[in-house]
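What follows is each chain in one-letter form.
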Amino acid sequence: MASVALTNLDPASRAAARGWSDLTIRNLFIIPTLVFLIVFNIFPLIYSLGYSFTNFAANRAEPWQFVGLQNYRELLSDDHIWSNFVITAKYVIVSVAGQMIVGFGLALLLNRSFPMKGLITTLLLLPMMMSAAVVGLFWQLLYSPSWGPINYVFRLGDFAWLSNPDSALYAVAITDIWMWSPFVMLLSLAGLSAVPQHLYEAAAIDRAGWWYTFTRITLPLVSPILLIALIFRTMEAFKTFDIAYTMTTQPTAELIAIRLYKQAFQQWDTGKSCALAYIVLIMVLAITNLYVKYLNKVKER
Amino acid sequence: MRKLVTSVLAGVGLALACGTSVRAQDKELTIFWAEWDPANYLQELVNDYTAETGVKVTVQTTPWPDFQTKAFTEFNAHGDAYDLVVGDSQWLGAGSTQGHYVDLTDFFNKHKLNDVMAPATIKYYAEYPGGSSKYWAIPLEGDAIGWSYRKDWFEDPKEKEAFKAKYGYDLAVPTTYAQLRDIAEFFYRPDQKRYGVAIYTDNSYDAMAMGVESAIFSYGGDLGDYATYKVDGITNSKEAAAGLDMYKQLYKFTPPGWGKTFFVEDNQAITGGLAAMSMNFFAFFPPLVNKATNPYADVTGFFANPAGPDGKRFAALGGQGISVISYSKNKDEAMKFLEWFIKDETQKKWAELGGYTCSQAVLKSEAFQNATPYNKAFYDTMFMVKDFWATPEYAEVLDQLNQNIYPFVVGGKGTAQEALDKTAADWKATFTKYNRYK
Numbered sequence: 000m001a002s003v004a005l006t007n008l009d010p011a012s013r014a015a016a017r018g019w020s021d022l023t024i025r026n027l028f029i030i031p032t033l034v035f036l037i038v039f040n041i042f043p044l045i046y047s048l049g050y051s052f053t054n055f056a057a058n059r060a061e062p063w064q065f066v067g068l069q070n071y072r073e074l075l076s077d078d079h080i081w082s083n084f085v086i087t088a089k090y091v092i093v094s095v096a097g098q099m100i101v102g103f104g105l106a107l108l109l110n111r112s113f114p115m116k117g118l119i120t121t122l123l124l125l126p127m128m129m130s131a132a133v134v135g136l137f138w139q140l141l142y143s144p145s146w147g148p149i150n151y152v153f154r155l156g157d158f159a160w161l162s163n164p165d166s167a168l169y170a171v172a173i174t175d176i177w178m179w180s181p182f183v184m185l186l187s188l189a190g191l192s193a194v195p196q197h198l199y200e201a202a203a204i205d206r207a208g209w210w211y212t213f214t215r216i217t218l219p220l221v222s223p224i225l226l227i228a229l230i231f232r233t234m235e236a237f238k239t240f241d242i243a244y245t246m247t248t249q250p251t252a253e254l255i256a257i258r259l260y261k262q263a264f265q266q267w268d269t270g271k272s273c274a275l276a277y278i279v280l281i282m283v284l285a286i287t288n289l290y291v292k293y294l295n296k297v298k299e300r
Numbered sequence: 000m001r002k003l004v005t006s007v008l009a010g011v012g013l014a015l016a017c018g019t020s021v022r023a024q025d026k027e028l029t030i031f032w033a034e035w036d037p038a039n040y041l042q043e044l045v046n047d048y049t050a051e052t053g054v055k056v057t058v059q060t061t062p063w064p065d066f067q068t069k070a071f072t073e074f075n076a077h078g079d080a081y082d083l084v085v086g087d088s089q090w091l092g093a094g095s096t097q098g099h100y101v102d103l104t105d106f107f108n109k110h111k112l113n114d115v116m117a118p119a120t121i122k123y124y125a126e127y128p129g130g131s132s133k134y135w136a137i138p139l140e141g142d143a144i145g146w147s148y149r150k151d152w153f154e155d156p157k158e159k160e161a162f163k164a165k166y167g168y169d170l171a172v173p174t175t176y177a178q179l180r181d182i183a184e185f186f187y188r189p190d191q192k193r194y195g196v197a198i199y200t201d202n203s204y205d206a207m208a209m210g211v212e213s214a215i216f217s218y219g220g221d222l223g224d225y226a227t228y229k230v231d232g233i234t235n236s237k238e239a240a241a242g243l244d245m246y247k248q249l250y251k252f253t254p255p256g257w258g259k260t261f262f263v264e265d266n267q268a269i270t271g272g273l274a275a276m277s278m279n280f281f282a283f284f285p286p287l288v289n290k291a292t293n294p295y296a297d298v299t300g301f302f303a304n305p306a307g308p309d310g311k312r313f314a315a316l317g318g319q320g321i322s323v324i325s326y327s328k329n330k331d332e333a334m335k336f337l338e339w340f341i342k343d344e345t346q347k348k349w350a351e352l353g354g355y356t357c358s359q360a361v362l363k364s365e366a367f368q369n370a371t372p373y374n375k376a377f378y379d380t381m382f383m384v385k386d387f388w389a390t391p392e393y394a395e396v397l398d399q400l401n402q403n404i405y406p407f408v409v410g411g412k413g414t415a416q417e418a419l420d421k422t423a424a425d426w427k428a429t430f431t432k433y434n435r436y437k
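Chains as they are written, first to last, in numbering that gives the first Met the number 0: chain A, 0 to 300; chain B, 0 to 437.
Just so you know, these hints were derived from the structure itself, not from any lab.
Errors might be hidden in some of the hints.
Claimed, not checked - The calculated lysine to aspartate or glutamate pairs, modelled on DMTMM-like cross-linking and capped at a C-alpha distance of 20 Å, are:
#, chain 1, residue 1, chain 2, residue 2
1, B, K432, A, D241
2, B, K165, B, E184
3, B, K427, A, D78
4, B, K421, A, D77
5, B, K432, A, E73
6, B, K69, A, D241
7, B, K412, A, D78
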């Protein structure tokens with residue numbers, strides 16, 4: 000905080016006229032956010048941590064009991080839960096890798112001047128502006144073996160994308176790639192446009208090839224922003240619920256967030272679902288931490 | 000200034016007086032139900048109550064997949080947003096033992112509802128625990144699994160001839176599951192975009208469980224002993240496994256991509272000319288006899304769930320009873336509404352509007368049985384119904400069944416016996432956890 004310098008108020012401003020100091024104004028902005036964060040985020044977080052050590056069920060009148068680490072023990076030794084984690088890991092890898100490749104590829108294509116560039120960029124951004132549940136329902140129709148255009152275009156006949164236990168998860172991941180690649184594209188475009196042009200000019204003078212320029216100039220300079228996109232998308236993919244929930248009920252596509260929802264709001268096993276939420280939180284934090292450490296290393300270079 | 004203050008005060012006083020008088024007249028009741036046609040019929044019915052009494056009754060709905068979650072979220076919060084709920088039969092255990100529902104035993108006895116409503120509807124929609132003579136709901140919408148079929152396909156002389164040549168008996172409405180399977184196989188012609196049968200496969204709530212249990216019950220199996228919670232040897236009996244195996248066989252003859260289907264898809268299988276036969280709850284049949292929603296309305300027929308190999312014939316029970324929510328601030332008004340609802344003339348009007356009354360007198364009447372092409376099948380079915388567990392932990396039990404049978408039926412993993420063995424083990428563990436084996 001010491002490094003934050005507060006700018007002095009303009010003596011002619013209304014705030015100054017009311018006798019408010021810059022500190023008062025800063026507090027006026029910060030306090031509501033802090034209160035909101037504490038009431039709706041921090042407090043439930045701590046409260047649910049407490050519940051995770053109990054057998055509390057929100058739909059039961061009986062008093063709950065402290066069960067120690069029993070919920071965590073049961074969850075970590077439950078084959079179904081591990082299978083949900085494996086499914087989620089597969090989903091995160093396929094979906095995030097796909098988004099990074101497609102998103103960065105699109106950004107490379109767009110990082111030049113051509114007619115209607117603005118319009119095309121805006122159109123490409125549309126998928127990520129849609130509601131995830133709508134996207135899920137929309138893609139469910141696209142995948143339909145009876146009348147869906149995907150099977151028609153690729154001549155796949157009656158291939159049942161979402162009813163086939165082997166393809167359901169990947170069908171959902173493809174939808175997620177379609178929806179969120181534009182986000183990676185947007186960040187990548189920002190990174191690409193920040194690469195100093197003189198570096199490319201120097202490389203051209205030295206007759207460096209496309210691949211050499213790409214791996215030695217473009218990629219190293221864009222990688223910090225790509226890593227930020229990777230962090231965001233990994234966190235989001237790990238928590239995916241709506242797209243998968245609306246598209247399929249295949250157990251092979253039951254992500255951990257869906258299991259958590261069922262445990263919490265269909266079975267009302269509140270204590271155990273709080274414990275599961277904490278396990279998921281710890282996993283997401285651990286993965287994010289690894290990324291952040293790597294990001295710092297990249298920045299240091 | 001004084002004049003101004005006086006006129007402002009007078010204005011405020013008038014507004015308050017008007018507000019108070021409006022509130023006194025505005026008695027309101029809110030009924031919570033799932034979003035489907037019967038809820039619209041109920042709204043039409045209760046408009047009569049409003050006209051008679053001046054009490055405004057609103058039927059508030061939510062889509063089926065959210066119905067349970069939304070209702071129990073409100074119950075658990077002890078919220079008074081709804082005064083009455085038309086809850087699923089499986090909710091009785093949780094609703095009664097956890098204090099969400101008002102005990103209606105006295106109401107039931109006072110109005111001798113045991114003689115008024117069909118026995119199965121009292122057993123499954125109202126009484127908990129089974130045989131206790133304690134009642135928590137008034138049977139409102141009777142429902143069960145039935146079947147629709149394409150009469151024109153069945154009656155086509157060429158099809159009849161080809162069927163007889165292949166299977167050695169006449170093509171007709173199936174009376175056994177084996178016949179149903181043969182007919183489904185016979186009409187399964189993917190190259191003609193024509194398929195044998197449409198069944199429930201959605202495992203996000205109870206759709207698939209209802210379809211599967213219909214087959215299991217007819218095959219002589221059961222889900223367990225609901226009184227003692229015994230599951231070993233019952234849930235995973237040979238008969239139950241044979242029923243589940245039959246359901247899996249039927250899945251082979253469904254239209255492509257039939258892995259997440261419930262009432263909408265099963266009706267579309269008929270309205271879209273896709274399937275020869277389609278499973279659905281009777282309450283979803285009205286659009287099938289309406290030419291505006293089903294181009295094949297004239298050639299759509301209906302039949303009751305067929306029998307198993309030993310002639311046993313059952314169907315999964317759907318339907319709901321109406322309960323008063325204990326957190327409502329209008330409980331007295333809600334009881335008055337129920338008194339009106341159980342009157343014979345109200346039940347008759349309910350049936351005329353399209354609701355599936357549970358009143359014995361109305362059900363037995365010729366007028367009801369001939370009112371639609373499927374009412375006779377409905378009447379037959381209501382005397383051979385069985386239901387799922389209604390225990391308070393039923394949601395957990397349902398999820399475990401879904402987890403075990405879905406990979407077998409849709410994914411083709413393992414065997415029926417393995418799926419039910421795992422289910423029996425899971426259920427035993429769950430019932431042990433909730434101290435059901437005292």
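Proposed proximity, D78 (chain A) with K427 (chain B) (alpha carbon, max 20 Å): Status holds; Cα separation ~17 Å.
Restraint check for K412 (chain B) with D78 (chain A), where alpha carbons must lie at most 20 Å apart: With Cα atoms ~16 Å apart, K412 (chain B) and D78 (chain A) stay inside 20 Å; holds.
Agreement of K69 (chain B) and D241 (chain A) with the hint, judged by alpha carbon distance not exceeding 20 Å: holds, 17 Å
Holds or violated: K165 (chain B) to E184 (chain B), with C-alpha atoms at most 20 Å apart: Holds, at about 11 Å.
Agreement of K421 (chain B) and D77 (chain A) with the hint, judged by alpha carbon distance not exceeding 20 Å: holds, 14 Å
Restraint check for K432 (chain B) with E73 (chain A), where alpha carbons must lie at most 20 Å apart: Holds: K432 (chain B) and E73 (chain A) sit about 12 Å apart, inside 20 Å.
Proposed proximity, D241 (chain A) with K432 (chain B) (alpha carbon, max 20 Å): violated, 31 Å
Checked against the numbered hints above, the structure violates only hint 1.
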